[in-house]
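Undergrad: What follows is each chain in one-letter form.
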Amino acid sequence: MTSDVTASHGTLGHVEEDPAEARDRMLLGVKLGIVSEVMLFGALFAAYFVVRSESPDWPPGGELERPELLLPGLNTLLLVSSSVTMQLAIWATRASDRARMMRWLYSTIVLGGIFLLIQMYEFATNGFGLADGVFGSTFYTLTGFHGAHVLVGLLLIAIVTNRARRGYVSADRETALESVSYYWHFVDVVWLFLFSTLYVL
Amino acid sequence: MMRSAPVQAVWRPGFTRAIVGGALGFAIGGGAMAVLGVLGVGVKPGHILGVGYLGTLFGFLLGIGAFRFWLTWMIGREIDADEEHESHGKAGDWKRYFRFTTDHKVIGVQYLVTAFLLFFTAGMAAMFMRFELAQPGVATDKDLYNIIMSTHGAMMITVALISVIGGLGNYLVPIMVGTRDMAFPKANALSYWLLPIPLLFVAINPLLGGFDSGWTAYPPLSQQANLGQQAYLMAFVTIGASSILSAVNFLVTVFRMRAPGMSLMRMPIFVWALTVTATLVLIATSVVAGAMTMLLFDRLIGTSFFRVKGGGDVILFQHLFWFYSHPAVYIMAVPGLGAILEIVPVFARKPLFAYPLAVFSFIAIGVLSFMVWAHHMFVSGMATFFHIPIMFTTELISVPTGLVFFSAIGTLWMGRIRFKVPMLWVYGFLWAFVIGGITGVFLADVPTDITLSDSYFVVAHFHYTIIGSTIYGLFAGTYFWFPKITGRMYSERLGRLHFWWFTIAFNLTFLPMFWLGIQGMRRRVADYPADLGGVNLFVSIMAVNIALSVAVFAFNMIRSWRGKRVAMADNPWDAQTLEWICTSPPPIENFAHIPTVTSAPYEYGTPPMSAPPVPAGGRPQP
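Which chain is which? The protein sequence lines are X and Y, in order. Letter by letter, the first sequence follows residues 1 to 201 of the numbering used here. Letter by letter, the second sequence follows residues 1001 to 1622 of the numbering used here.
For reference, chain Y alone in the conformation it holds in the complex (with noise of 0.2 Å):
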């Protein structure tokens, strides 16, 4: 019997039939549990949110058909080799961004396109604020400022997690290794489907009451808010499980699937960037998601870990979350510098400088990163005798951020740079993190801390050092690998412009935000002392500036990617990694036959392959 175009739809795997799983499931958990409540089980609203929430998560996963090689190899079936391999999808074929498609480079599109699109929801979110920030007293509502303020965070830091790690780095570390997928395929394409639903929860919480809490979430406030606080909560986790999976696949991936001659230290630098990210993710990731689940228990079904009344402790939920949130902050920035130093070699036509010490600062900081987590805590009240070992790792952290910068700088080096979008976006990158970096000093110090603590100088400082380093590098790397994602070639003098808008922009936003902080601005508050009311005005206008210069990016991006084919060469940049030797955009499982890698990855300027390999810095090998 045929079936009808749309009944076929609902009944194939895909989007159709998620949407109608997802809200099948909501209706199925929610209903549940109202049902239960109207029996005369104690059922308050957050059952019937957490239980509804499970069900769409675990709905439209079944409907995008998540679950469907895995539950037939379960009831003890032998999977249909065919179909397992045109999960894969059909190269041109948009539909199977829709679907649940196990080609790495079509997740990697997958979380690049949402960490944009989140990315310009949260901007959106942050013009709200600085409307609100533009004049003193209160314009809106103090309420909803700070529901704006947290959904901003949440969204904006989850754009920090994913869009590198998840966009570029899913689209090139197979490639880069020089394999033809991920080590577990289907496993990535679950990564990427856990996200819309938590995303949705995040993005419709206002509607829930949305949650005043900041992306932090402490106790007690968040014990108390509302539904809003809750669905956050939930989505933290799911979003948490989603980057764990993908951690183990990159880091399987990368240590045992590598190209026949690509032994660790001839991995191009980016590789080696995500792989201590992944190593991050997979340490620290389940702390906060068993920190978050304690506090939906302490909501939900009356536990006590964070409430002082049953013998719980407060101050153990900061402890629990900073030691995730501070590697967080390295899984964000690690792989935006782990793009910049991939781009600097190929546009200053010099090998990566001091290759192996860039690659241990990357594994020191990733070590550094699990010790530093209480310097977040100076004010909160922890134990005194703890201030100062955290100050002293804390500015240890700075030596080897310091040696990636060295990396950078030494490579530009009586380099013949090609001043090329992405190269601008490197500058801009040197520029903005070490203004990032030396304003941590100030908060690293216990004394400067207590001061300008929760004021405008920490959020014009990490807004540096995440733009700085994540965004920065989000956007360096968009461009430059942009050719290669979509076999076309960007307009380079709205790059060009995108880029000076965008900086200058950025720098008036936030450079004068510190002199707000240092002048007694408070963060996360709707209103401010009247006589900063000028600044905060610029301020505000420069804000304005930011979002029209990323309608620029949006607008190049998207006219260059549905504008005709114009002939490209497959390697524009003339670089030298494995991405490259593939046709752009590389077909479907990268290679015909498997490379056999001979050298480093950055032999610009010595002699050619043919030649005995020669080390970076020039070097004669013994």
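Bound conformation, chain X alone (with noise of 0.2 Å):
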């Protein structure tokens, strides 16, 4: 190669733009995205672990009930199935089976939107709120954060959805799709954290 370059450590070359490239720097940019995340529920898990540890008793005062494990459990059950079923969609779009790529797909979004509406039946129904003490302010905050994170979540996977049911999703094409998967199963991750810390431990 010659060199028609006088000022720098390079010379002229060429190369093409490759979209296994483009993807492989999605896939980097949302495990980067993700690292961030993981550290904003870490700060909040600090918090809570602070404020619990300097509380004789858990709830203080001993006036609040926590909540019961039947529900949440129940939700744990569901979030980890939609975790599951999403990475079937995965699978079945690589092997280029539209069909089970949107019933998996289906699954999830019906999986996820049952938890949320547990989630919210619990509040409505648990006997404290966000202003009773750290208790309740922890308790809403994390579960609160960590609900908004699912409906961010359900609302990418219906838009990929929404996409793949257009035919915009193919086994050469899945990106997004795999991107949203990858925030899926860390919104997963963190429930299982906020199950066995807020509510069993």
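Because the hints were derived from the structure by calculation, they are not lab data. Treat the hints with care, as some may be off.
To be verified - To spell it out: a stretch of chain Y is covered by chain X in this simulated footprint if at least three of its residues, at any positions, have a beta carbon under 8 Å from a beta carbon of chain X; those stretches are: (1) 1289-1297; (2) 1305-1313; (3) 1399-1407.
All values derive from a computational prediction rather than experimental measurement. Backbone N, C-alpha and C define an ideal beta-carbon position, used for all residues, glycine too.
Hints in hand, dock the two standalone chains.
TA: Shown next, in the form of structure tokens:
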């Protein structure tokens, strides 16, 4: 290669844009975004553990009741299943099985939707509110932040599902679907931590 | 049907539509909450401001056209490739600076100009403070002083956070690693256009009653203070979101889009510095955004995170705040250090001394910066067993910082130095940052810190470190890359005048403050003991000189940029990094052909590029 450059540590060549590279960039971007989300939940969990460790009993004062485990346990099952169906949708996409892909995407939306409805029902029937000291503050802020993430995740899945319905998602065009699935799995994992600390522990 | 020009301006995505959208957004958001209040729902003024702010932000972004491609994609349509391509803007069209332009060079200039405007505004606030402090006693108003002081701090922190990485970084990193744009150009434009609305709310916060907590916004004061405080908190979270977006962009660009042959250890040191910075931003920022959100919840929806009455913990806020805000000190400083190290080899005509060690130092600074946050809290009443480990890690971080210094000094050693304006700023940096670093030792050591905490010693120390690194790096970089960005050369004489005037005035302003602090002058209050009046008058006069010298800088930049294009080489400094093979200013998309990199970035004084690469230090490769 001849150099027609005088002032650099490089010589000139030519490279083509590659769709695989664009996909690679997008997925890395999503992963990095999730790192920052992990730190956001990290701050919320840190606040939770600090105020909880400073209180002799939990909930403080002994007047408030912690929520029952039945509905949240069901919700855990729902959200984990929705992660599984999401992954099944991706495998179906890679296998170019359109019908199966659509089926699993719809199942994911239904499962996530039921999760949110149960969560809202739980919020409405809990015997304590946001303003009831640190117990209410941490409970509703952490589950509320997570619920907002579930909502955003559902919207993203709905958008991708609509695009899939219109034929824009296929085995070689599934970057958006895969990005959304990363986010969805992340939301699922956060719930596992929430369930085991806010409800069980 | 043809529309008249003003109607078209409102219709098309652009600045006019953005302002209309922002105003509409505030009216809709704030109005909806006000209606709810009239209907009997318990609405506080803070709720109206909060929802109104969100409305303004989204209205503005919709107006500027930030979401138009994503919205098209979301409703399941194909994006018009031509329109997307056109959002790069046309070369030489000034209007693209007021649009949602995806060209990283436009975004870089937008950041840089915004940062300088903010710098001048916050500087004016400092002039007000020095006016009040020129004489003992209260000349204006104590509350007003606290508001102006807080606004000065908040704005200057923003300048330090966005100027070098947002301005010079956006402009240069894609060119330096040899690619055509950032990884996500639309997200890059979004991260810039997220800034005007929060900055506007910080600027107008005195109209909302102002905030007097300083930029640190400690509760309980920040829970009780008025709407100006809330405006600041919301602005902080928004600017944080913008930085996270920008950090993801930088990291993907650097790790996925380097030109062939550009191995990690061949990257210009400035790119390395920004990579470390972006990593810190990515990891730390959402923590403080979370803390600020909890604080907003405490104010607005009745939570008790930082309310002792409800079982909350005030110190918890300080921990979360400094977990971000100490790394933030390095988010401010490291880009400046990177710019300095980038410039030294060009003007010393030698390879950068101990390049791998400099890279290692930046990484080590990044890692250690997460382990030192509590040295801001020695007098806060936190657990005492935490004092000694934090003191130790804080002392430890001076080692990699010192290595960066050695890298600069080792490059200068036996170099053939050209004393051009950017190089003068490098020397200014060496002087100022050493003073900032050494005085930091007294604040890292628990016994001396307990004495000096919250005194003017601290004020002098952090002005020496942040001005010494960020602002000196910013000026050095702005002078160095001015010919690259504008295709014109600034006046060397005015540049020298700016440097000497600024440096002398800066030192005579802040050196006496160390003494004032030791004498017991408290920071963040409008008054001080009467016997310190003489020195304070002197400091105030010198502070005015800083402002005047910056006016020389502004005059020089504006005149040279507007002036006639003088015949100038594309590479006036004979530098070797990739941005200098482009024309000045570089064309849209930078390179017609992506370059192949064949050697390390600073091969000055070594045989030409056709010879085998020789690593820094001149050792032949085995």
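Undergrad: Can you give the numbers of the hints that this structure goes against, from lowest to highest?
TA: 3
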